[in-house]
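For the record, the sequence lines run as chains A, B and C.
Using our numbering, read the first sequence as starting at 1 and increasing by one per residue.
Using our numbering, read the second sequence as starting at 507 and increasing by one per residue.
Using our numbering, read the third sequence as starting at 857 and increasing by one per residue.
Quick caveat, the hints were computed from the structure, so don't treat them as lab data.
Some clues are possibly wrong.
Listed below are the simulated DSS-like cross-link pairs for lysine-lysine, each with C-alpha atoms no more than 25 angstroms apart in a straight line [to be verified]:
1) B/LYS743 / A/LYS361
2) A/LYS320 / B/LYS743
3) A/LYS228 / A/LYS198
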Amino acid sequence: MRIALSGVTVRFGPVTAVNQVSLGIEPGEIHALVGENGAGKSTLMNMLFGLVTPAEGTIAIDGVERRWASPQDAIRAGLGMVHQHFMLQDSMSVLENIVLCAEPVGRFGFVDFAGARARLDAIAESHGVSIDLDRQLGRLSVGERQAVEILKVLYREADLLILDEPTAVLTPQEKDRLFDTLRSFRAAGKAIVLITHKLDEVVEIADRVSVMRAGRLVASSPLAETSKEEIARGIVGGALPAPRIRKAQEPGDVVLAVDALTVPRRGQDVGPISFDLRAGEIVGIAGVSGNGQAELVRALTGLERLRSGAISLCGQRIEKRDVGARRRLGLSYIPEDRQRMGLALGASVTENANAGRDDRKSFTIGPFLRHSAMARFARALIDNYRIRVAGPRAAAATMSGGNKQKLVVGRELGRSTPLVIAENPTWGVDIGAIDFIHGELMRMRDAGHAILLISTELDEVIALSDRILVMYDGRVSGEVAGGEASRERVGALMTSRAADALGKVA
Amino acid sequence: MKFANGTMRAVLPWAFTVLWIAAIIFALLLFVGAPFGEAISGFLQGAFGGRRHAYLMATLSRTALITGMAISVMLSFRAGLFNIGGEGQLVAGGLVAALVATLLPGPPLVVLVVAILAAMLAGALWALIAGVLQLYMGVPLLVGSLLLNYPIRYIASYAVAHPFRDVPSGMVQSHLVPQETWLAYFPGTRLDIGILFTLAATAFALVYSYWTVHGYHTRLNGLSADFARTVGLPVRKLTLQTLAISGAIAGLVGAIAVFGIHHRYIDGMLVQPLYAWTGIIAVLLVGMVPWAVPLSGFFFAAVQTGAAGMERAAGVPKEIALVIQAVIILFVASRVSGALSSKERGGGNA
Amino acid sequence: MLELLLDPSFAASIPRFVTPILLAALGGVLCERAGVFNIALEGFLLTGAFAAVLGAYFSGSPYLGAGVAMAAGMTMGLIFAEFNLRRGGDAIVVSIAINLLAAGLTTFLLRAVFNVTGAFSDPAIAGFGSIRIPLIEDIPVLGPVLSGQSILFYLALACVPLLHVFLARHRLGLRIRAAGENADALRAGGVSPRRVQLLALVACGALCGLGGAQLSIANVNLFVENMSAGRGWIAVVAVLLTRGRPWPLFFIALLFGAVDSLSFRVQGLGLAQQFTDMMPYLATLVVLVVLSWWRARRARGGAS
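Chain A with its partners taken away, still in its complex shape (with noise of 0.2 angstroms):
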């Protein structure tokens, strides 16, 4: 199947996603499309599927103009996608999630299961993409997962797939299965899209690049005749930033001391973890998603009760006591999720300005707020942190993601507490807001803070850490001192178990 894309204009509102896109699609090729966060990768493939509609230009395939009136069109176009986030139902079998929309009905319209389940042997058979029908979806792995999407999109004989960013919560080595696939599937003579946006695989597994930055195509072209060097330019358009200046510093005393820590996880426990945090250091804390940073992290924040071990903040044991107390005691926490847990969408910026920090006497008289002072105080995080919003009135809702998360980090910060936690800090926002919230945690740091940074960005934590710990199945894997970090080595830890890895890495 040939695809051709030509002047395609996607806008939400007043936002273009995707600004006069042309593109083709060849069948049997690997296509990469790469692009900062937000550059509109995921957007134009969306509009591919039928799942937006663009506001101009058109889709052509094997040169016959086509319209979607919604993704259905497009999959008995022959059309498949594999979305970033799974769109699985946990509570159903593999079988039932592979036929789900796509059911052969027998009488009554009663789902035909043995038929399925016999087309699927033989999918199975010739693409060597095999995974026990019958187990619930919510017992697999990410990895299996990811399989299941897979025969989805074979089961509906797609001839051309499009993957979003599916390395981002594999392994390397479920990576590798999975790009052995990719290469069967081109052999076989169907196009690929492979939305991403690291560079290896793209180098590792593509015949195409195409770049794109702030809703425009800016690069199209064979591997062959491309670098490295040059798509990255590409995607952040221009030369690349110069790496942060760390000003070297003596760290100080022991902010955070954690010993033996588990927490309960469905499966199994997270832990034992061990280790100290001092002032004046950032450790980063790396990791692919799901290894248990998230319940490290409730277990330190308090969200959550641990089963064991010992936390100490400031020299003071913490383990019992509830987050409203550990933040007094000196922590302040930059959640993944500013969505749900870093902001109060519709309540305004004052409000989510002066949450948790309002135990504060300036802000209060007795039992009542002083508003002018929480006012005061929003007006002067807005100037401070550059964050753009019509004014300390307006609800946060109103805000971009990355002035959402300015808010988060200004408040957090504002606290100036000993210890820092920020988890994701530059999750899903743009590269001005990524810089100066880099900047932010360089600066606490330099002024004596203790910072741990936990990031599924291999990048960020070898950019802004003195210290990586890597975790692994739970686990801290290893330890590496940050001038001697780089992406094999860290990545190698990410994927194993501290003894064997260690021995390889030192």
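Dock chains B and C against the given chain A, drawing on the hints supplied.
Same frame as chain A, now just chains B and C:
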């Protein structure tokens, strides 16, 4: 021109909403074959007229109870707590007020004050049961608080049917509370001063919601419980305290009904008129904005007394009031969803 | 007391109480599984009870009465869908409004159509008779329970396995479950979750309508204001407790119905009527508390 366009866009949906509601009401009137003119004048007369504005006073008296219940549930709703057990808390308050006043000897003012406080305590405790069930047993507040309406309804009914019944009256009701404890009427009217209590509760709710630290915290909890936990607010404590405040206000309303209107507890007197449910929809109508709640309470009271007037004047069954209220809420619900829904959805785009 | 429980006429009366709760709860299952938080079962049920009397009175046929009840219930489902799904009103708010609407409309129409308040009974209301099943009726104890009930009871019984199979194996059943669990997946597959939810709501209305018909033209031949008397809420609790699984739901409904029936039977034992009236709600509350507590404990324990 642009401005006019914007206003049009804001006003037009509301205009359609009003038209829809009006059309449904007229369809109902048409169905029962009521003369429109008489129906409308009867409605206005019933809600605002009467000799020396007697009907208006009845409307205001009803407003006091509806608004009180509305304030009670509003405090819960703003805190994200789906407490729809206001009826049970109201009944608990009314029953306890009547029993304390009939059984407790002492100077009338003392009896009155003690009875009112006891009623508030009873309402608060009844609300707290639902809160405890939610926090410590995992029973969703919505169903827990609702189901608790029924036991107290029957307990109250039993109390005034058997141990505390005014037997000679022949009715299922308690004895009269001492006449000296009855709330006074406003001079020259048949309107008791109970509405002042409601106004005080409203003033409290206003100050509480906008100017107190506690109110601010409960609002954040209502908008997003995850957020409240993350920034370290004591979520459980806030939940129980809020429910206690809600229940206490509902209990107060029960006491007002006893001392101001019925002067005793009559079986069904707080349940049948659906005060609690009307209070809930009065809050929903104005999207949980505290200062607008009394207006909304007055509006629904007028719909009810107006419907009674319409029945007298044009023979329209007064039950039409419930239909009108429900239709209004249906149409308005989708326009002012307020904080009630933002809790679940929370989302929006990044 | 024990004597009473063993009384065959007590056992035989259980199905009459189970049927409305079960039918409403089965409707609730469809909504629950489709991800519609429908707590307006009380209103749906009440509407059905009134519409059944309306239909049976004017047509002289209980079947047409039940048909009218179904249609009325489906209309309520459509109203719910219009305001919740299409106009985006909060499901809880819409539910509260629909419950009030049902209470208002039924009392309003009671007066407007039949010109009575409180209750309407008339010999012209054609009720369902009981169906005697030869052979089965001769089984000791179970016989009088299984035989001699209204057709609606048998229908409700049949609906339990049917709904189970429907949800497990039917195309729409699969989609209903998906709409409730991850609606985005349906959207990505080109199926509108809203349409699925609309169908669930309408089917729920139909089942509740039949449940109402059982109340008014099978158990008795009359309509009383607020006749559903909280049974819709009990059905809501049953749905929430079983998370919308038909078989467990059946047993919970059986339990609630039995208590309902028992509360009727013990009235003659010198217990004040208020306490017997309270029984179904207390039983519901107790079951709710115990099961919720047990589940919460297990969830915490499951983490270990």
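Cross-check of the supplied hints:
A C-alpha spacing of about 21 angstroms is found between B/LYS743 and A/LYS361, which places the hinted pair at or below 25 angstroms, so the restraint holds. With a C-alpha separation of about 17 angstroms, the suggested pair A/LYS320 and B/LYS743 falls inside the 25 angstroms cut-off, and the hint holds. Our distance criterion of 25 angstroms between C-alpha atoms is met by A/LYS228 and A/LYS198, whose separation comes to about 10 angstroms.
In summary, the structure agrees with every hint in the numbered list given earlier.
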